[in-house]
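For the protein sequence lines, the chains are Y and E, in the order given. Sequential numbering from 1 applies to the first sequence in the numbering used here. Sequential numbering from 262 applies to the second sequence in the numbering used here.
Worth flagging that the hints you see were computed from the coordinates, not collected in a lab. We treat Cβ as the ideally placed atom computed from N, Cα and C, and that holds for glycine. Please note that the accuracy of each hint is not assured.
Sample of chain E residues lacking proximity to chain Y, with all beta carbon distances greater than 12 Å (derived) [stated by the list, open to error]: (1) G340; (2) L341; (3) L348; (4) E350; (5) E375; (6) L388; (7) R397; (8) F405; (9) I429.
Examples of chain E residues lying across from chain Y (beta carbon under 10 Å, computed) [unchecked claim]: (10) Q333; (11) F335; (12) F338; (13) F339; (14) P342; (15) S427; (16) E432; (17) Y436; (18) N439.
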Amino acid sequence: MAPYTRILSALFAVAVLASVPRARADELASIMAAKVIKVAVPQDFAPFGSVGLDMKPQGYDIDMAELIAKALGVRAELIPVTTANRIAYLQTHKADIVISSLGKTPEREKVIDFSIAYAPFYSGVFGTKDIKVDKPADLAGKTVGATRGAIEEQALTDLAPPGTTIKRFEDNNATIAAFVSGQVDLVATGNTAAAVIAERNPQRAPALKFVIKDSPCYVGFNKDEPGLKAKLDDIIAKAKAEGELEKLSQKWLKAPLPPGF
Amino acid sequence: MIYHLQLGDLLPYWRVLLDGLIFTVVLTVVSTIAGVAVGTAGASARTFGPVWLGRCVVVYVELIRNTPFIVQLFFIFFGLPALGLKLSETVAAFLAMTINLGAYSTEIIRAGIEAVPKGHIEAGMSLAMSKWEVLRHVVLKQAFRKIYPALSSQIIIVMLGSAVVSQISAEDLTYAANFIQSRTFRAFEVYLVAAVIYLLLAIAMRALLRGLGRVLFRSAA
Numbered sequence: 001m002a003p004y005t006r007i008l009s010a011l012f013a014v015a016v017l018a019s020v021p022r023a024r025a026d027e028l029a030s031i032m033a034a035k036v037i038k039v040a041v042p043q044d045f046a047p048f049g050s051v052g053l054d055m056k057p058q059g060y061d062i063d064m065a066e067l068i069a070k071a072l073g074v075r076a077e078l079i080p081v082t083t084a085n086r087i088a089y090l091q092t093h094k095a096d097i098v099i100s101s102l103g104k105t106p107e108r109e110k111v112i113d114f115s116i117a118y119a120p121f122y123s124g125v126f127g128t129k130d131i132k133v134d135k136p137a138d139l140a141g142k143t144v145g146a147t148r149g150a151i152e153e154q155a156l157t158d159l160a161p162p163g164t165t166i167k168r169f170e171d172n173n174a175t176i177a178a179f180v181s182g183q184v185d186l187v188a189t190g191n192t193a194a195a196v197i198a199e200r201n202p203q204r205a206p207a208l209k210f211v212i213k214d215s216p217c218y219v220g221f222n223k224d225e226p227g228l229k230a231k232l233d234d235i236i237a238k239a240k241a242e243g244e245l246e247k248l249s250q251k252w253l254k255a256p257l258p259p260g261f
Numbered sequence: 262m263i264y265h266l267q268l269g270d271l272l273p274y275w276r277v278l279l280d281g282l283i284f285t286v287v288l289t290v291v292s293t294i295a296g297v298a299v300g301t302a303g304a305s306a307r308t309f310g311p312v313w314l315g316r317c318v319v320v321y322v323e324l325i326r327n328t329p330f331i332v333q334l335f336f337i338f339f340g341l342p343a344l345g346l347k348l349s350e351t352v353a354a355f356l357a358m359t360i361n362l363g364a365y366s367t368e369i370i371r372a373g374i375e376a377v378p379k380g381h382i383e384a385g386m387s388l389a390m391s392k393w394e395v396l397r398h399v400v401l402k403q404a405f406r407k408i409y410p411a412l413s414s415q416i417i418i419v420m421l422g423s424a425v426v427s428q429i430s431a432e433d434l435t436y437a438a439n440f441i442q443s444r445t446f447r448a449f450e451v452y453l454v455a456a457v458i459y460l461l462l463a464i465a466m467r468a469l470l471r472g473l474g475r476v477l478f479r480s481a482a
């Protein structure tokens, strides 16, 4: 081998090893130092994140991002992401935290960490104000609309007592149309769909009767960041105690936080 | 690529399919009778009735024939409640199918009526038959004999089109198939079975209608 080939290979090896990014020891510290927190937010999922008429992002998650940034004393840089790429953005440090109606699943827990819950995201049975239903057993003799194949429809089929009539529609829009037109007075759907109905039809707003499945939203961040987790949990707990989260829930979901949140 | 049919997964849901099939058959039979009645009345009114009535029939026929069936169905089920008329999905399905078949059969039967030679009507009148007797025995009998194949085809078309009522949660055969698919995820098997059932139903209906035609129009024209 030529004399300087070995040196070149050694230098090359050193260069490669040196370019491997060092594990960030403290995400929180780097955020505070840079005075900016990069937050991945949705822009296609109202009311959590969408684009307003003035082309500015708006939604529950955007307000949450601003709240966290203010509590940390830094500026929030909003990074629009989609459901498909939000975890990847976090892992490649393009974003520091993800606030995108993120649910906690075992598969996700393997790669990222979660804060405590900051927003409710549940499916349940909603209905007009005057119908008296507090638990599944009250559905006997009543008619409930649901979207065929949705998780809440399958859960409702198991939960509902005999004597309940379940009208299954092919998609969410037909189910919503059935409720709005008065064909059904009860619907099984998610709280976000109920919020959209309430916004467009305030005179026939669906009120929650009981929750079928609760899958609240959490803030996502990279693993091994105990300092960041502690600070985020602290901010969220304080926001809940001071009524800030209740205000956000009323503003974006047109409903109070569910009991026990 | 070889796919192995998993029809066994559908077996526990045979009752759902049967209920759907019964609903489709009942829906078709009732709508056919009502629809042909509406068509006969409409065609007779258009040809022999007062001018204003004829115009109403024209408006009705053109409206229904030039709009999609599913739009008519959605209007009846989702739209009418806004005007205070809330119909259950079953009633809405019957009504939509009757109105739809009524419009198409009006035109089919009208063609048959106009093919009856005017001389026959005059002959009937000169035999002191009343207008209604002429209509019933001279005109309609001949008209139906002429257009019976076209009418049978339209009835089958409306029967197959009844699959659309599943969209307003009326529990017909297609609704049953969709439901089973959402539980078993065996889309290939369940829609294959549903298609075969519709095919057998159509073949049976055609045979039935052909037999009925032979009984009704037995004597040579």
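Taking the hints in turn, this is what the structure says about them:
no.	hint	verdict
1	G340	7 Å, violated
2	L341	8 Å, violated
3	L348	9 Å, violated
4	E350	7 Å, violated
5	E375	42 Å, holds
6	L388	55 Å, holds
7	R397	41 Å, holds
8	F405	38 Å, holds
9	I429	8 Å, violated
10	Q333	15 Å, violated
11	F335	8 Å, holds
12	F338	7 Å, holds
13	F339	5 Å, holds
14	P342	4 Å, holds
15	S427	7 Å, holds
16	E432	9 Å, holds
17	Y436	8 Å, holds
18	N439	6 Å, holds
This entry does not satisfy hints 1, 2, 3, 4, 9 and 10, going by the numbered hints stated previously.
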